[in-house]
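Undergrad: The chain contents come next:
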Amino acid sequence: MSKVHVEHLGKTYKNGVRALEDVSFEVQEGEFVSFIGMSGAGKTSLIRMLNGMLVPTSGTIHIDNQEIGRLNRREKRSVQKHIGTIYQDFCLVDGLTCYENVLNGCLGNQNIFQTLVGIFTKEQREYASLVLKQVGLLDKKDVKAKELSGGQKQRTAIARSMMQQPQILLADEPVASLDPYTSEQILELLKKLQKQYHLTVIINSHNVEASLKYSDRIIGIKEGRVVLDKQVNEVSEEELKLVYGMK
Amino acid sequence: MCEIKRTIKYKNWIITFLVLAALIISCRITGFSMTVLTKRGNRFTEFVLKMFPADLAYGGKVMQPLISTIQMSVAGTLIGAGIALLTSFLSAGNVCESRALRLLIKLVVQAVRTIPVLIIALIATFAFGIGTFAGTFALALYTWAILTRIGSEDIETLSMGAFEALTVTGCGKVKAFIRTLFVDMLPGYLTNALYLLETNVRHASILGYVGAGGIGLLLNEKIAWREYEKVGTILIALFFAVIIVEGFSWLFARILEGNVKKNWLRTAGKRALWILLGVVSIWSVCSIERPDSSALGMKVVRSIMDGIVHPDWNYFFSNGKDGVTWLLLETVCIAVAGTLLGAVIAAVLSFLGSKRFMPWPVAGFFRVIVMAIRTVPVLIYGIMFLRVTGPGSFAGVLTLAVTSIGLIAKRFTVSIDRMDMSAWNAYSAMGVNVIGRIKYCLIPELFPQFASAVFYRFDVNIRGASILGLVGAGGIGAPLITYMNQYRWDAVGAILLGLFALVLVIELVSAWVRRA
Ligand SMILES: Nc1ncnc2c1ncn2[C@@H]1O[C@H](COP(=O)(O)OP(=O)(O)OP(=O)(O)O)[C@@H](O)[C@H]1O
Ligand SMILES: [Mg+2]
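Protein sequence lines, in the order shown, are assigned to chains H and W.
When we follow numbering that gives the first Met the number 0, the leftmost residue of the first sequence carries the number 0, and every step to the right adds one.
When we follow numbering that gives the first Met the number 0, the leftmost residue of the second sequence carries the number 0, and every step to the right adds one.
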């Protein structure tokens, strides 16, 4: 049984740009898959369709055998609750502390009143502390997000998505704005969490070397189409060059 | 490289020239005269000496109106800020998708910002009757306009990333909004609201002049009866009220910024302060008098609207000395001369009040002086300067100058205290004397910030200049109030329209200058 099943997916933006065309792939439960491809290939568009931020123009997305496009709003939300997403620019609330940002991950289980007053249950608070500990940020708990370093911000964002107790973790170039050493640490962390919670991880990356090192499988996208889909140990130099448009 | 430098230099010269020209023309038109000042300046001190020593026994009688002034300010700020919280989101481009709605709100905000609070209050007394309701209404409307504008500008700088990221965790837009954009803008918004509370206390103290409640009524009465030592008492009471409000607002601003060092303020003290604020707010709102049901209400509002839609165009375009055009010119000139004069005095006072350049007792002394100058309501200065200059716009210039000192000096002092001293120290290590250091290090560093503070105050003073007429100190205020009292709404409409155009032009010019 596959976790994520994408068939003939296409996306054309309002301005006529065709970002994706006839993309199909399957990701198994617990798998770590990297998408690689040049700038503008359509990777971000793909991730955004997987988490429901964008609606596809054609094709279908199945998550846990449920077709996303056919769900009503309520059902869609309950699927979204267990998909965590990490972004290149972190998407934190600058004025809130690290801890408060992490708590934002469980808004899905709250009612409006609790949100308005800012009430979180004891379990939620304890779980937030636990995930902060796992990402190694417990000592930065009360620091405002805007005062954190890039790596710390990304750890906060990871903790926030762990707060959702996700089954699927999506990451759109999670280390693109970080230095090489910090990038390595963040990827290690993702790998560790994947193993520990048996997560399905789908990650966009420009860093082919790191993708080869951390993932089980590589999918190459070029001009909106899948041009490569192989296990890491089967990928050849030539095929990688093809993805990046070199002979 | 050289080419660019030269154009910049030319531009500086042109701006300097224009400012000087504006100053000279303004002094001419307003009848500014140094000789009058030196010859008759002693009348000002005579007046001060009549007020002080104050009649402290009178203090008890001052308390009730003082409290109602503060209640009016708190209630007005609270109500205005509450409504503006909604409208600032509705007029922010990144949140509200309806362009028409955004434009409508912006237009109303701009219109309200054109009219001085005192004039709004006067209109409100026609509509709701005399009393604190009119005053509270005016303060709320003013607060609403200012905060809607600042708030929506702040919201537009926020990034939508976090909001979108949370929305796709399946929690729905409303909850995502509350925990991202809303909580992100709230501390800054509340800080601005607190600053406005300070301003509103000052405004509230003169609203009594037009019958809109508060201590201004008493002030007006005591001046009319020439009981100057009682006027002194009122001023002292106002001084302490302003200090207390400023102290509280400073404390809250620190808490909101989250940089509180003291532990007791972090926990119990913080909670106590919020509860206090809540109690004071409720008490203030409950204390507002009911509007007078016999007042003209909507009828007045309708006639005013009618007047604005059908202004007296003959009056608007008449070019005699009592036409709108001339009055507006005079108002601008009062504002130009007053602002620049005030800036010079403020510059001196802020150096004297800077802890960097002065030993702390001296600095502290001058800071208290600035604060005292700031406390006295505009119209009192107007009355005092009238004794020196006689009726006319010269008195208006002096009045605006002293009322500008407070805010400009405050901003100057902040920029002096934040200045990077390394260049100054390096120059003094090279043996450059004080004059050289001021010329080559202080002025280049501080001038841009000074200029922006002065410009900001000029914008405020245009509106300030249009109420001076109330005490006979020139500008467009006198005919405005006269026509209002005569219910000549078409003439009122013409004046308000003129003011609206003037403020708009000045805003466009200032945006252009800032960009260039
Ligand atoms: N909101 C949008 N509206 C219109 N066109 C868009 C939008 N977002 C992306 N595109 C276009 O869709 C194409 C794919 O963009 P996408 O962001 O998915 O690429 P990417 O692979 O993530 O690139 P990068 O590596 O630079 O992040 C590009 O041509 C882009 O210009
Ligand atoms: Mg991208």
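A few of these clues could be false.
What the hints assert, rightly or not - If you anchor each label on the Cβ, the simulated ranges turn out as follows:
hint	chain 1	residue 1	chain 2	residue 2	range
1	W	Trp249	H	Glu146	18 to 24 Å
2	H	Ala175	W	Val347	50 to 56 Å
3	W	Gly246	H	Val16	43 to 49 Å
4	H	Ala175	W	Gly246	45 to 51 Å
5	W	Val347	H	Lys13	55 to 61 Å
6	W	Gln109	H	Glu125	28 to 34 Å
7	H	Asp141	W	Arg289	46 to 52 Å
Unchecked claim - Here's a subset of chain H near chain W, in silico, CB distances under 8 Å, partners left out:
hint	residue
8	Gly39
9	Thr43
10	Gly149
As the list claims (entries may be wrong) - Simulated pairs of lysine to any residue, SDA-like, Cα-Cα distance not exceeding 25 Å:
hint	chain 1	residue 1	chain 2	residue 2
11	H	Lys145	W	Pro186
12	H	Lys13	W	Ser158
13	H	Lys143	W	Pro186
14	H	Lys221	H	Glu74
15	W	Lys172	H	Lys221
Quick caveat, the hints were computed from the structure, so don't treat them as lab data.
All residues carry an ideal CB built from backbone N, CA and C; glycine is no exception.
Undergrad: Hint by hint, note whether the structure agrees.
TA: Here is how each hint holds up against the structure:
Here the CB-CB span from tryptophan 249(W) to glutamate 146(H) is close to 23 Å, well matched to the stated 18 to 24 Å. With their beta carbons about 53 Å apart, alanine 175(H) and valine 347(W) fall inside the hinted range of 50 to 56 Å. A hinted range of 43 to 49 Å for the beta carbons of glycine 246(W) and valine 16(H) is inconsistent with their spacing of about 57 Å. One distance hint, 45 to 51 Å for the beta-carbon pair alanine 175(H) and glycine 246(W), holds here, with the actual separation near 48 Å.
Range check, valine 347(W) to lysine 13(H): Cβ separation about 60 Å, and the 55 to 61 Å hint holds. In this structure, glutamine 109(W) and glutamate 125(H) break the distance hint of 28 to 34 Å, their C-beta atoms being roughly 51 Å apart. Checked against the hint of 46 to 52 Å, the pair aspartate 141(H) and arginine 289(W) passes, with Cβ atoms roughly 47 Å apart. Contact between glycine 39(H) and chain W, as hinted, is not supported at the beta carbon level, the nearest pair being about 20 Å apart and thus beyond 8 Å.
Annotation: interface hint on threonine 43(H) violated; nearest CB of chain W at approximately 13 Å, more than 8 Å. For glycine 149(H), the shortest C-beta to C-beta distance to chain W is roughly 15 Å, which exceeds 8 Å, and the interface hint is violated. As the CA atoms of lysine 145(H) and proline 186(W) are separated by approximately 14 Å, the hinted pair is consistent with the 25 Å bound. Among the hinted pairs, lysine 13(H) with serine 158(W) is consistent with the structure: their alpha-carbon atoms are about 22 Å apart, no more than 25 Å.
A distance of roughly 13 Å separates the Cα atoms of lysine 143(H) and proline 186(W); the hinted pair therefore holds under the 25 Å criterion. The suggested pairing of lysine 221(H) with glutamate 74(H) is violated, with an alpha-carbon distance near 33 Å, which exceeds 25 Å. Restraint check for lysine 172(W) and lysine 221(H): the C-alpha separation of about 34 Å exceeds 25 Å, so the hint is violated.
In the structure shown, a violation is registered for the earlier hints numbered 3, 6, 8, 9, 10, 14 and 15, in ascending order.
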